[in-house]
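Using the hints, position chain G against chain Z.
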Amino acid sequence: NAGVTQTPKFQVLKTGQSMTLQCAQDMNHNSMYWYRQDPGMGLRLIYYSASEGTTDKGEVPNGYNVSRLNKREFSLRLESAAPSQTSVYFCASSEEKGAGGGNIQYFGAGTRLSVL
Amino acid sequence: GDSVTQMEGPVTLSEEAFLTINCTYTATGYPSLFWYVQYPGEGLQLLLKATKADDKGSNKGFEATYRKETTSFHLEKGSVQVSDSAVYFCALRLSGGYNKLIFGAGTRLAVHP
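In the order they appear, the protein sequences are chains Z and G.
Using this note's numbering, read the first sequence as starting at 1 and increasing by one per residue.
Using this note's numbering, read the second sequence as starting at 1 and increasing by one per residue.
Hints were generated in silico from the structure; no laboratory data involved.
The structure displayed is predicted, hence computed values, not measured ones.
Don't take each hint at face value.
To be verified - Across the chosen pairs, the derived CB separations fall in these ranges:
# : chain 1 : residue 1 : chain 2 : residue 2 : range
1 : G       : Gly-41    : Z       : Glu-79    : 21 to 31 Å
2 : G       : Glu-69    : Z       : Asn-62    : 16 to 26 Å
3 : G       : Glu-69    : Z       : Ser-18    : 49 to 59 Å
4 : Z       : Ser-80    : G       : Asp-54    : 44 to 54 Å
5 : G       : Glu-8     : Z       : Asn-65    : 48 to 58 Å
6 : Z       : Gly-63    : G       : Gly-9     : 21 to 31 Å
7 : G       : Gly-9     : Z       : Glu-79    : 31 to 41 Å
Note that beta-carbon positions come from the ideal geometry of N, C-alpha and C, so glycine has one too.
Here chain Z stands alone, though its shape is the one from the complex (with noise of 0.2 Å):
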């Protein structure tokens, strides 16, 4: 009964460090997502991807790689980190590929990232 789950769940680095979050789905749901949450702003989705092989830009990407590794997973990569990128990252996924009413999103319990 995993769901979504993201790793790690807390990560603090450096300025100019990388790193990689995981995200990994077991409801064989073709969409998945990646949102930032910071304080007073909700949920910014940052990437998703509408299916197996394919991956789009969301609102605020800059920064930011994604890679679809196959139809369970889902990784978000900071090439560079920046403080600007102290934040909590949401992995969610959803079972319909594209067009379609009341989609649900199911979400992990997020990474906490501190960038110093």
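Chain G only, in chain Z's frame:
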């Protein structure tokens, strides 16, 4: 552009009080509307949804009605419990296109015994 506006928090209530968290939206077309809840240390969970005008979503004693004339989707509960303490996010999904959610800033609810 498309957006969601929620009332600012925190909202502090005593147990068994009535809860209203206001949410209004701006969107083209006919969006679907959602309330998500985030308990401390956890990810977001869907609380309820409505996909067309006048639909009422309900779950765990919470309700929200999709009002197209006022572009609103206010969350209500008749009697809150301490266990309802969480952050509540209103969100919309635009009709057509991919499954992109636009979130409000979130409203923190604290319920005291």
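- [ ] For G:Gly-9 and Z:Glu-79, compare the CB-CB distance with the range 31 to 41 Å and indicate the outcome.
- [x] holds, 35 Å
Task: Assessment of proposed distance window 48 to 58 Å (beta carbons of G:Glu-8, Z:Asn-65) - done: At 34 Å between Cβs, range violated.
Open item on the list: Can you tell me whether the CB distance of G:Glu-69 to Z:Ser-18 sits inside 49 to 59 Å?
Closed with: holds, 50 Å
TODO: State, for the Cβ atoms of G:Gly-41 and Z:Glu-79, whether the hinted interval 21 to 31 Å holds or is violated.
DONE: Given a distance of about 29 Å, which is inside 21 to 31 Å, the answer is holds.
Open item on the list: If I claimed the Cβ atoms of Z:Ser-80 and G:Asp-54 lie 44 to 54 Å apart, would that claim hold in this structure?
Closed with: holds, 50 Å
Open item on the list: Does the beta carbon distance between Z:Gly-63 and G:Gly-9 stay inside 21 to 31 Å, or does it fall outside?
Closed with: holds, 29 Å
Open item on the list: Within 16 to 26 Å: is that where the Cβ-Cβ distance between G:Glu-69 and Z:Asn-62 falls?
Closed with: Roughly 39 Å apart at Cβ, these two residues miss the hinted range, so it is violated.
Going down the numbered hints, you'll see the structure goes against 2 and 5, while the others check out.
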